[in-house]
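K.L.:
Take a look at the letters that make up each chain.
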Amino acid sequence: MDLSWMAWTGPTALFWLGIVSCLVIMMVWEYFSPGGNPRVGILRFETTRGDRLFISLLGSAFIHLAWLGFIGPGLWWALGISFVYAIGVFKTV
Amino acid sequence: MDKTYNNKAWLLVIPVFLLVALSAIIPIMTVVNYSVQDTFGGNKFFWVGTEWFTDVLRSERFHDALGRNLLFSFIILCIEIPLGILIALSMPKKGIWVPVCLVLMALPLLIPWNVVGTIWQIFGRADIGLLGHTMATLGIDYNYSSNVIDAWVTIIVMDVWHWTSLVVLLCYAGLVSIPEAYYQAARIDGASKWSVFRYIQLPKMQGVLIIAFLLRFMDSFMIYTEPFVLTGGGPGNSTTFMSIDLVKQAIGQFDLGPAAAMSLVYQLIVLLVCYVFFTVMSNVGTDKPEVEE
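Top to bottom, those sequences are chains X and P.
Each residue of the first sequence is one higher than the one before, counting from 1 in full-length UniProt numbering.
Each residue of the second sequence is one higher than the one before, counting from 1 in full-length UniProt numbering.
The set of hints was computed from the structure by calculation and includes no laboratory data.
All C-beta atoms, glycine included, are put in the ideal place defined by N, C-alpha and C.
Fair warning: there could be bad hints in the mix.
Claimed, not checked - Interface residues of chain X toward chain P, partial, derived using beta-carbon atoms under 10 Å:
{"id": "1", "residue": "ALA7"}
{"id": "2", "residue": "THR12"}
{"id": "3", "residue": "GLY50"}
{"id": "4", "residue": "LEU65"}
{"id": "5", "residue": "LEU79"}
{"id": "6", "residue": "ILE81"}
Claimed, not checked - Dumping the calculated EDC-like pairs for lysine to aspartate or glutamate here, alpha-carbon to alpha-carbon at most 20 Å:
{"id": "7", "chain 1": "P", "residue 1": "LYS248", "chain 2": "P", "residue 2": "ASP38"}
{"id": "8", "chain 1": "P", "residue 1": "LYS94", "chain 2": "P", "residue 2": "GLU180"}
{"id": "9", "chain 1": "P", "residue 1": "LYS8", "chain 2": "X", "residue 2": "ASP2"}
{"id": "10", "chain 1": "X", "residue 1": "LYS91", "chain 2": "X", "residue 2": "ASP51"}
{"id": "11", "chain 1": "P", "residue 1": "LYS44", "chain 2": "X", "residue 2": "ASP2"}
{"id": "12", "chain 1": "P", "residue 1": "LYS204", "chain 2": "P", "residue 2": "ASP219"}
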């Protein structure tokens, strides 16, 4: 099967692998601790682990965009901030 | 937790999974791949990193299109939501006129987007269109293809004409589901018409209004066909919304890289707004029992 039209690159493949591994980790986590651990956090509505992952990923995307828009290329700092943000989301939201 | 788990049910999900993979996941993967590369056709790509994203985020063209989109959504929501409530309140609740009103209201919703654009394009023309000709006869200088304000007014009126019915039907559904007992209680208390609206009808319509608000916001934020058919994004760039700009960039100029970056930014904004509205909607549902207590 010729997939050249999809224009794959190493970094974008890594990006998608990252997303897929997040989903796999969530599945394994769900297997060992079913129910999704729903709770009401600082946003004052009930969130499950899946919601927290979604909020983390969406927030990280905006952190990266904000970094590119206001500061410039070189996204390692943005990635670091996103990790801190994701940990924050999983702990408090 | 005595649920029976039957993992064979997962097999039933496979068709949907395949459909979503082919129609959404694989295309979006390709868009992400395109957004970090430049191409001159022939499946030859050159790595450019995050350059397109930086360009899009700092480009005046994108800011302007985003601004126009937000302004358009704001204006039509300010008109359609109150107007929809007003029409729903004045519609009959019983009798022969109910189906007549409902069908009349549903008619604009049944017309395809490009036909709506064409109807209004002809309607507004000074030579053959009823609206354009009437305006010209009255001595009003109206031309949606050369005047920015006229173009905006026409697009807004067209959207209001096309979509207010949706708000009306949703509000009407909310209104007819209010039990008569609430109105009886209001009559006993001697409540004014405004109080009935403020304390009975409006709270009872909250759920459907949020749905109407969400649908109208998302639809107007992603609007393409109607303004494209009516004005083609003009005069100048005055009605070039993000979707029109995106198509111009991707198919008109064949700048696939920048267009891919722009569509991802656009998608993220839509996703964020959707998630916020979805959360609000689901929580309105869960809060309801507490409100009624």
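K.L.:
So, for every hint listed, does it hold in this structure?
P.N.:
Here's how the hints hold up against the structure:
At about 4 Å, the closest approach between the beta carbon of X/ALA7 and any beta carbon in chain P falls short of 10 Å, and the interface hint on this residue holds. Because the beta carbon of X/THR12 sits about 5 Å from the nearest beta carbon in chain P, less than 10 Å, this interface hint is met. The closest approach between the C-beta of X/GLY50 and any C-beta of chain P is roughly 12 Å, which is over the 10 Å cut-off, so the hint fails. Because the smallest distance between the Cβ of X/LEU65 and any Cβ of chain P comes to about 6 Å, under 10 Å, the interface hint for this residue holds.
For X/LEU79, the suggested interface contact is broken, since its CB lies about 12 Å from the closest CB of chain P, more than 10 Å. Because the smallest distance between the Cβ of X/ILE81 and any Cβ of chain P comes to about 16 Å, over 10 Å, the interface hint for this residue is violated. At most 20 Å may separate the alpha-carbon atoms for a hinted pair to count; P/LYS248 and P/ASP38 meet this at roughly 17 Å. In summary, the hint linking P/LYS94 to P/GLU180 is supported, as the alpha carbons are separated by about 13 Å, within the 20 Å threshold.
Under the criterion of a C-alpha separation no larger than 20 Å, the hint pairing P/LYS8 with X/ASP2 is inconsistent with the structure, at around 33 Å. A threshold of 20 Å between alpha carbons decides the hint, and for X/LYS91 with X/ASP51 the separation of about 13 Å falls inside it, so the pair holds. With a C-alpha separation of about 14 Å, the suggested pair P/LYS44 and X/ASP2 falls inside the 20 Å cut-off, and the hint holds. Pair hint P/LYS204 plus P/ASP219 does not hold up; C-alpha atoms about 24 Å apart against a cutoff of 20 Å.
Checked against the numbered hints given earlier, this structure breaks hints 3, 5, 6, 9 and 12; the rest are met.
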